[in-house]
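*Asks:* Chain by chain, the residues:
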Amino acid sequence: MPTLDVNGKRYEVGADGETPLLWVLRDDLGLTGTKYGCGVAQCGACTVHLDGEPRRACSTPLKAALGKRVTTIEGLASRTAKAVQGAWVKLDVVQCGFCQSGQIMTAVALLEKKPKPTDTDIDHALTGNLCRCATYHRIRAAVHEAARNTGG
Amino acid sequence: MVASSDTFSRRDFVKLASASGLLLGLQLPLGRAQASTGFAPNAFVRITPDDLVTVIVKHHEMGQGTATGIATLAAEELDADWSKVRVEYAPANAELYNNTGWGPVQGTGGSSAIKNSWTQMRKAGAAARVMLLQAASAQWGLPVKELSASQGFVSHASGKRASYGQLATLASKQALPKDPPLKDPAQFKLIGKQAPRVDSVAKSSGAAVYTMDVKLPGLLTAVVARPPTFSATLKSVDDKAAREVAGVVDVVRIPEGVAVVAKGMWAALQGRKALVTEWDTTKDKLLSSDALYASYLAATKKPGTPVTHSDETRPALARAHKVIEASYQFPFLAHAPMEPTNCVAWLHDGKLETWAGHQLQTIDHKLAAEAAGLPLDKVELHTLISGGSFGRRANPWADMVVEAVHVAKQVNAPVRVQRTREDDLRMGLYRPMYVHTVKVGLDSHGEISGWQHAIAGQSIQSGGPFSANSVKNGVDRTSVEGVWPMAYDVPNVTVQLHSPELPIRPLWWRSVGHTHTAFVMETLLDELATAAGQDPVAYRLTYLKDKPRHIAVLKLAAEKAGWGTPLPAGKARGVAVHESFSSVVAHVAEVSLKPDGTPRVERLTVAVDCGIAINPDVVRAQMEGGSGFGLSAALYNEISIEAGQVKQSNFHDYRQLRIEDMPSIDVHIVPSQQPPTGVGEPGVPTVAPAVANAMFQLTGQRVRRLPFKLPTPGKKRA
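Those sequence lines, one after another, are chains P and A.
Note that this note's numbering numbers the first sequence so that position 56 is 56, with each residue one more than the last.
Note that this note's numbering numbers the second sequence so that position 128 is 128, with each residue one more than the last.
The shape of chain P in the complex, shown without the other chains:
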């Protein structure tokens, strides 16, 4: 049985290789922090990292994730990640919260690459992450706050 590396743990997965990573994470591994919002890579709620790169788990087949390091919201541990989550809490970014795992995953990936992003950088990175509560204003502020706290 193929093994999948998620948050530093190896899991044997029996799902068909075409199964979207999202459903393997949620239904087989019980990692429900990654959300389903659209199923067609249009909302970003399912964003995870594959070898550190933000990817839409709903449109990533399991076979494309094998051999890569998958990181979900439950596995965030880096200094940058903690700074992002801390900023999210400090600024009370969340409302319904459903999109926020995806927002945070995208924001962490941005800051790992670009420690001091501009508003435009933030908009470019996060344009694919919808929030129907429209917490965008605070998301932008929280990314800047996290950048400050990681010395960016």
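I should point out that these hints are in silico values taken from the structure, not numbers from a laboratory.
Keep in mind that a hint or two might mislead.
Within a straight-line C-alpha distance of at most 25 Å, the following computed DSS-like cross-link-like pairs (lysine-lysine) qualify [said to hold, decoys possible]:
| # | chain 1 | residue 1 | chain 2 | residue 2 |
| --- | --- | --- | --- | --- |
| 1 | A | K647 | A | K273 |
| 2 | P | K9 | A | K183 |
| 3 | P | K116 | P | K63 |
| 4 | P | K63 | P | K114 |
| 5 | A | K378 | A | K366 |
| 6 | A | K560 | A | K571 |
| 7 | A | K189 | A | K160 |
| 8 | A | K322 | A | K545 |
| 9 | A | K555 | A | K594 |
| 10 | A | K215 | P | K9 |
| 11 | A | K545 | A | K302 |
| 12 | A | K273 | A | K263 |
| 13 | P | K90 | A | K378 |
| 14 | A | K273 | P | K63 |
| 15 | A | K84 | P | K90 |
| 16 | A | K145 | A | K215 |
| 17 | P | K63 | A | K263 |
| 18 | A | K235 | A | K193 |
| 19 | A | K215 | P | K90 |
| 20 | P | K9 | P | K90 |
| 21 | A | K302 | A | K189 |
| 22 | A | K409 | A | K235 |
| 23 | P | K82 | A | K84 |
| 24 | A | K709 | A | K301 |
Given the coordinates of chain P, assemble chain A onto it according to the supplied hints.
*Replies:* Okay, now just chain A, sitting in the frame of chain P:
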């Protein structure tokens, strides 16, 4: 327990609570064991020896921050340590947990949660505080009046000090106070200050549990093949291939369609794809948005059901110096909460349990019991937080709950019925389509002399659970609210309504009638100001009589936005003010044009009077979010129908506001000591008209329909 002059026995207290509607019941919520040690003076507060204060929240948290606000009310009067406060969501119990503004119905909506909890939750906290003081008094042999409570401790000048947790067991043996005193607002330590949201940590770590995340042993997932048009009926189904899909457990017929039940979502989706269904769609052949617009427009030009009537309207318009006539169009809108609707249902051991974002618990409870064929006391609802609602989960049909029960009845296991985004967008339950036609007469001084207003669109409330209060003499209040009663002091007003029926189910959508009425009123007022050659703010002020809150909010927004100060070329401001859900909000929008002629909203200034702001940061968040939500509708949202079929299917064609569309935004709260009013909905109505009014300054064209589509490419007004 001894009843004395100022105390009641628990039994008396329950009687009082029931009789007065005070509802400080003393039973613990059903289905929750009372801690063997600890203290639960009423249905809303529990204190355990570990010093945790648990506030039982009777309302549904869908992002609006109500759990934080309600916990703040109890914690304030309890003098709790905010870092020790937790929330728990109440079970369905219309007696203990009803919305006191609604009668015997538990539910959340109409921006009513904080308003109806304002006294109730403070009394609940105050009662607990009194009993903790009595417990310390008994333990230390000191008079209550020498003791003080603060930050989760009772203390005495002698240095004696005990935490609420330490006193909890003894407190539970004290007499319940009859009418615990409430603080003077000057003593508030949490209300009006900043208390961090109770759910930020869980929602920033992936730990928060939504209906989509419920885990139960043997839990199955179902998706439903649904009618492709609104009145389509199933002719035939061949489920052979579906049943052969790995992971599919069963295929069952339910009134809503054909449910494919599987081990996991992917198998369920693959199974649904393999179903062969044939539907009769002939009934819906003629159902289209374009045809509806045309018929609604025609209706607004004919007599309708009177909302208000003046014999003087017609003569005033006939002799008017100038008449402004305009028609406005508003599309169907889906709520599209980020979490597509869903419900987990489990029939076992002669009872039913459901897990969902139960927003109208009393209705969900009743309809779930009916669908299961069980008495109410055999049905237990677990209300979970939801990934947004905007009205969608508060629905008179309890559609997601009933559907899940229909599936659960045929499956010997717990089952989650999960709608896909496409299902959710296409199944109706929309903010109805509306058309307004308005004629306003101006006399030779430019003053308004008559106002004739017709509205066409489905009634949201007719036949629903709140129709007795909302529909009178054929007029659904929510179809006309915001137009009538009219905020502006205008003479000779006639308003008529047409309420066509359609096979598409209507539903309230964040800010309900105000989603369209505020747009018409506030763009029209702007147009009238232009016709009168007056400044839009000054013009509004002349027609706002006995409306001190409107005036204060309008002036505050104008001042903070720098109204009247010059802007760089290519930028313009627009303003709007409107009351909804007993709160008044004004927006000033600063707008420029994108190269394609569509608006770029650069800055929003918002002012709000919502009575006392329990949590100013949550109020700001709701104004920010309401503005973004309203902007999404102004710029993008539209559900359109052709031959009974919804054209949109997912977020690529039911477009939403994205981060780059979100303007900078400043929110200003009018200081107030009046009881609190709502903030979940009132941030929505004024943003679109403010932007439209700025667009007029830039292009010389009035926006007559949402989402914004200008009749011709934008051109600067001469």
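*Asks:* If a hint holds in the structure, say so; if it doesn't, say that too.
*Replies:* Hint-by-hint comparison with the structure:
Taking the CA atoms of K647/A and K273/A, the gap is about 20 Å. The hint holds against a cut of 25 Å. With a CA separation close to 53 Å, the supplied pair K9/P and K183/A exceeds the 25 Å bound. Of the supplied pair hints, the one linking K116/P and K63/P is violated, its CA atoms being roughly 34 Å apart against a limit of 25 Å. A C-alpha spacing of about 29 Å is found between K63/P and K114/P, which places the hinted pair above 25 Å, so the restraint is violated.
Note on K378/A and K366/A: the hinted pairing holds, with a Cα-Cα distance of about 11 Å set against a maximum of 25 Å. A C-alpha spacing of about 17 Å is found between K560/A and K571/A, which places the hinted pair at or below 25 Å, so the restraint holds. At most 25 Å may separate the alpha-carbon atoms for a hinted pair to count; K189/A and K160/A meet this at roughly 23 Å. For the proposed pair K322/A and K545/A, the alpha carbon gap of about 24 Å is at most 25 Å, so the pair holds.
For the hint pairing K555/A with K594/A, the CA-to-CA distance comes to about 29 Å; that exceeds 25 Å, so the pair is violated. A distance of roughly 21 Å separates the Cα atoms of K215/A and K9/P; the hinted pair therefore holds under the 25 Å criterion. Distance restraint check for K545/A and K302/A: the Cα-Cα separation of roughly 32 Å exceeds the 25 Å cut-off, and the hinted pair is therefore not satisfied. Distance hint between K273/A and K263/A is fulfilled; the C-alpha atoms sit about 15 Å from each other, no more than 25 Å.
Distance check on the hinted pair: K90/P and K378/A sit about 43 Å apart at the alpha-carbon level, beyond 25 Å; violated. With a C-alpha separation of about 21 Å, the suggested pairing of K273/A with K63/P holds against the 25 Å cut-off. Distance check on the hinted pair: K84/A and K90/P sit about 17 Å apart at the alpha-carbon level, within 25 Å; holds. A hinted pair counts as satisfied when its Cα atoms are at most 25 Å apart, and K145/A with K215/A does not qualify at roughly 50 Å.
Among the hinted pairs, K63/P with K263/A is consistent with the structure: their alpha-carbon atoms are about 20 Å apart, no more than 25 Å. The suggested pairing of K235/A with K193/A is violated, with an alpha-carbon distance near 60 Å, which exceeds 25 Å. The suggested pairing of K215/A with K90/P is violated, with an alpha-carbon distance near 30 Å, which exceeds 25 Å. As the CA atoms of K9/P and K90/P are separated by approximately 30 Å, the hinted pair breaks the 25 Å bound.
Using a Cα cut-off of 25 Å, the hinted pair K302/A and K189/A is violated, with the two alpha carbons roughly 57 Å apart. Between K409/A and K235/A, the direct Cα distance comes to roughly 23 Å. Compliance with the 25 Å bound is thereby established for this hinted pair. For the hint linking K82/P to K84/A, the alpha-carbon distance of about 23 Å falls within 25 Å, and the restraint holds. About 23 Å separates the Cα atoms of K709/A and K301/A, which keeps this hinted pair within 25 Å; it holds.
Violated hints, in rising order: 2, 3, 4, 9, 11, 13, 16, 18, 19, 20 and 21; the structure is consistent with all others.
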